[in-house]
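Undergrad: Chain by chain, the residues run as shown.
2 protein chains.
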Amino acid sequence: MYTVMNMSKTFEKLQVHLDKIMAFETARSLFEWDDQTIAPFEAADYTSKVIGIISDEYMKALINDDVRKLLNKLKEEKEQEQLTDDEKAIVKELDKTYVQLESIPPEEYRAFNELASISNRAWAKAKKDNNYEYFAPYLKEIIEYKKKFAGYRAKKGEEPYEVLLGDFEECFKIKDLDIFFDKIKKEIVPLLKKVSQKSDTIDKSYNYLNYDIDKQRDFCRYLAGYLGFDFNKGVLGESAHPFTLQLHNHDVRITNSFIEDNLESAMFSVIHETGHALYEMNISDSITQTPVGTGASMGMHESQSRLFENIIGRSEAFWTPIYDKLVDTYPDNLKDINLEHFIKGINKAEPSLIRTEADELSYSLHIIIRYEIEKMIFSGEADVDKLPELWNKKYEEYLGLTPPTDSQGILQDTHWSYGEFGYFPSYAIGSAVASQIHAKMMEVMQFEDYLLEGNLTPIREYLKDAIHKYGATKNTNQILKDITGEEFNADYYVNYLKEKYQKLYNLK
Amino acid sequence: MYTVMNMSKTFEKLQVHLDKIMAFETARSLFEWDDQTIAPFEAADYTSKVIGIISDEYMKALINDDVRKLLNKLKEEKEQEQLTDDEKAIVKELDKTYVQLESIPPEEYRAFNELASISNRAWAKAKKDNNYEYFAPYLKEIIEYKKKFAGYRAKKGEEPYEVLLGDFEECFKIKDLDIFFDKIKKEIVPLLKKVSQKSDTIDKSYNYLNYDIDKQRDFCRYLAGYLGFDFNKGVLGESAHPFTLQLHNHDVRITNSFIEDNLESAMFSVIHETGHALYEMNISDSITQTPVGTGASMGMHESQSRLFENIIGRSEAFWTPIYDKLVDTYPDNLKDINLEHFIKGINKAEPSLIRTEADELSYSLHIIIRYEIEKMIFSGEADVDKLPELWNKKYEEYLGLTPPTDSQGILQDTHWSYGEFGYFPSYAIGSAVASQIHAKMMEVMQFEDYLLEGNLTPIREYLKDAIHKYGATKNTNQILKDITGEEFNADYYVNYLKEKYQKLYNLK
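Same order as they appear, the protein sequences are chains D and S. Residue numbers for the first sequence follow this note's numbering, beginning at 142 and rising by one. Residue numbers for the second sequence follow this note's numbering, beginning at 142 and rising by one.
Mixed in with the good hints, there may be bad ones.
To be verified - Keeping only pairs whose Cα atoms sit at most 30 Å apart, straight-line, the calculated BS3-like set for lysine-lysine is:
| no. | chain 1 | residue 1 | chain 2 | residue 2 |
| --- | --- | --- | --- | --- |
| 1 | D | K324 | D | K335 |
| 2 | S | K615 | D | K190 |
| 3 | D | K466 | S | K210 |
| 4 | S | K229 | D | K190 |
| 5 | S | K605 | D | K201 |
| 6 | S | K201 | S | K356 |
| 7 | S | K190 | D | K154 |
| 8 | S | K210 | D | K201 |
| 9 | D | K641 | D | K324 |
| 10 | S | K466 | D | K190 |
| 11 | S | K356 | D | K229 |
| 12 | S | K190 | D | K610 |
| 13 | S | K150 | D | K190 |
| 14 | S | K296 | D | K190 |
| 15 | D | K216 | S | K190 |
| 16 | S | K190 | D | K237 |
| 17 | S | K190 | D | K615 |
| 18 | D | K356 | D | K237 |
| 19 | D | K356 | S | K466 |
| 20 | S | K201 | D | K150 |
| 21 | D | K201 | S | K150 |
| 22 | D | K201 | S | K296 |
| 23 | D | K605 | S | K190 |
| 24 | D | K345 | D | K639 |
In short, the hints are calculated from the structure, not lab data. Note that the structure is a prediction, hence the values are computed from the model and not measured.
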């Protein structure tokens, strides 16, 4: 929803196209939400035809001569002078999309999308059957396409993997990630080893008792509201895997899923998704429903969910005002578990095999393994047929564990099956960015006191003004620079983890 | 979803357009569902912009030179010979839409839609404030537009109201409805008087005790499933007012709404909406997602909901196998209410002021009042400023009651506020058609025995094969003729009501 003010005539013409593009995108989002939450089981075949047509219309509205001409004109200096900063950001974002989409011949793009869909189903079957060999041929084909597509856009001498990384996070090159991840490996691998030797000092058995799901549902809803999720501008639903999706800044939707014998799972999912949702709800009215009306990057988005899930949500200060309410919800299970016990429990760290179930300390090691393998795939150093061995070797090296099956190893994540390479690092970037922002917030406000008072408004307002409202008009480093005075710096993350876990496990 | 088989080349070209038209229509339906069920309160302003764009795209996909040329060509005899029956019906239906939409100059159409939206809000305010005078000027303007629009399409000498009626039900002319309604007035008005004199012979106080809403929700879900609602092809949601909506025959959605101190309300709503839903679920795969992939008419649709709600749902045979389950759900309230008592209670009839709350016996009198007033409005016999007096006079005459306020009188229904004239008769047609079909079913199958056995499958299968699967490829009279050997005949309805209520109130 873009307000007309001294608008450039050319941008005004583009706006009509943008509105149509965003309308189709919003419709697709609603179908996606519906499919994941309530659509009946047998609807998919018929509805997918509708979604296919809407997607075609979206592409036609986006990629056509009229939009291309307007975009090229708006990139000229004379036109740029007449644009507001938001408009410039929209033009830049649209140009990025054009460069991405137009570099690929339409037949190849279509063939790849068909392959991705088939390959994703093959992966699901291979994972179910623990049969990597069945999936490998699809994966090879996917990788060939991604190499070719990256090649179309690569600057002279640029690695294909560099191009793929750039699609998710323009501020991070391979060399930046190498530095970042080396730092983590050096500090966290040994720390995790020490921690796991003291595993039995923390009891977490209470977490796996029976927790009535209706009560979990109510408590999670309470948590979302407590964190500031605005139910007048959002919906809390349920789906197989939790996710966040927005139609615009006045309609942001999150889902949760519940496990009866796991207290933590749904609670930290809803805190995580609320972090994403607050970002989307706080995006400025002037840019919502435009191409920059979403988070700055995947990593930046993840920084907000992880700030809430881990740094806030697993802190003693956060739980101090509300832990009694949780105990009152489940008195039989929790009456003998005091706050200190609970805080230790929710922060217990142990090497594990599955990324999505990993704790805060070991999480980024899972990412590093994927990053290193992806790099090797695209530099030609890794043979796709030998990926399971490579995977298992790295799990042994960084986490001290060997997956007993490929389903719990190389086949665990869906991303590669449809060509999402270069995405995984965003998760680790998110955690590190969260720590860097947190360090600054500790400096400029009584962060812990607010949590202890149960007053999250100042924290939310800070994030809104420093990050959320800008959407994608700034990139990750611009945001960090404006808040903290420096660009991305992984030291905050490493220090945060070291300090937290040394204290938790009495390692000093 | 149209299967390609020996297809005419011209129809094949049309099919591409039809797919696009249906995709936009499906998207609009999903936004409508979402808005009525879960969309957050503040989303409307932003989402309505998206819906507006999708609606524009729908109109552009529907009304354009390409479709017009294909349609005109397909109407030629030579082309018709190459079409299947379904295709002929699609061409006919599309032509009807074209005649309706193309007769109105686009500026007038747009102006009317804007007025309708404003007028609807004015009606809501007038109803809230019990202020008919506030609404009257909007209503006058709406009526002028509807007269003008009907005039564009009226054949020589045809009444404007005749044109409006035809939009909802092509088989019923003013003269048919006059005969139908005169018959009802003659028989039902005196019967209702006798019934209301014996009102105290039936106790219904149990219905207004406290009924836990969670239990109502579970029982209503059970009822929908018992009737044959397929949860793999449908969704049961909640909204302020119950409704049915379909994306296609594999995704049919109904809603319900609950009142804590009214047992009946939600139960009969879900039975009613399930009747609509079964119709949509049973439409043949070959015509779903085409212009004839819905009910034959409003009246025919209503016949299915009312067959289930009233004829089946309020019968002793239906409740015999399941009444114990209801008593077990609410033992405190119902333990002393036996089945006979309950059946009398759910069929108790009394004159009342509000159409939507009327019982089966008095319902059509509410419709007749609206029909007679609509006829007078369009023939110029009724002065819009004097409608409240006219309304109240007729309520006194047919129901023996005078509305104490206009909010409970002339302002009670939303339909006129956005120009829906000619729609009300469909409700009464639906009840009468249901009786005619029911009479035939009693002849050809052990209807009551099936209900007593709790086996609704044969009833559902019959309706599917006789009515549902055809969608709108046949009209109401064609369907009735094919099933019963005669066209619409209101005697079945009058006889059904007389027999039922004379027995219930011991009037013979």
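Undergrad: Are the hints correct? Go through all of them and say.
TA: Hint check results:
| no. | hint | result |
| --- | --- | --- |
| 1 | D:K324 x D:K335 | holds (17 Å) |
| 2 | S:K615 x D:K190 | holds (26 Å) |
| 3 | D:K466 x S:K210 | violated (68 Å) |
| 4 | S:K229 x D:K190 | holds (23 Å) |
| 5 | S:K605 x D:K201 | violated (40 Å) |
| 6 | S:K201 x S:K356 | violated (47 Å) |
| 7 | S:K190 x D:K154 | holds (17 Å) |
| 8 | S:K210 x D:K201 | holds (24 Å) |
| 9 | D:K641 x D:K324 | holds (17 Å) |
| 10 | S:K466 x D:K190 | violated (42 Å) |
| 11 | S:K356 x D:K229 | violated (56 Å) |
| 12 | S:K190 x D:K610 | holds (21 Å) |
| 13 | S:K150 x D:K190 | holds (22 Å) |
| 14 | S:K296 x D:K190 | violated (40 Å) |
| 15 | D:K216 x S:K190 | holds (28 Å) |
| 16 | S:K190 x D:K237 | holds (26 Å) |
| 17 | S:K190 x D:K615 | holds (26 Å) |
| 18 | D:K356 x D:K237 | violated (46 Å) |
| 19 | D:K356 x S:K466 | holds (27 Å) |
| 20 | S:K201 x D:K150 | holds (25 Å) |
| 21 | D:K201 x S:K150 | holds (25 Å) |
| 22 | D:K201 x S:K296 | violated (42 Å) |
| 23 | D:K605 x S:K190 | holds (25 Å) |
| 24 | D:K345 x D:K639 | holds (21 Å) |
Going down the numbered hints, you'll see the structure goes against 3, 5, 6, 10, 11, 14, 18 and 22, while the others check out.
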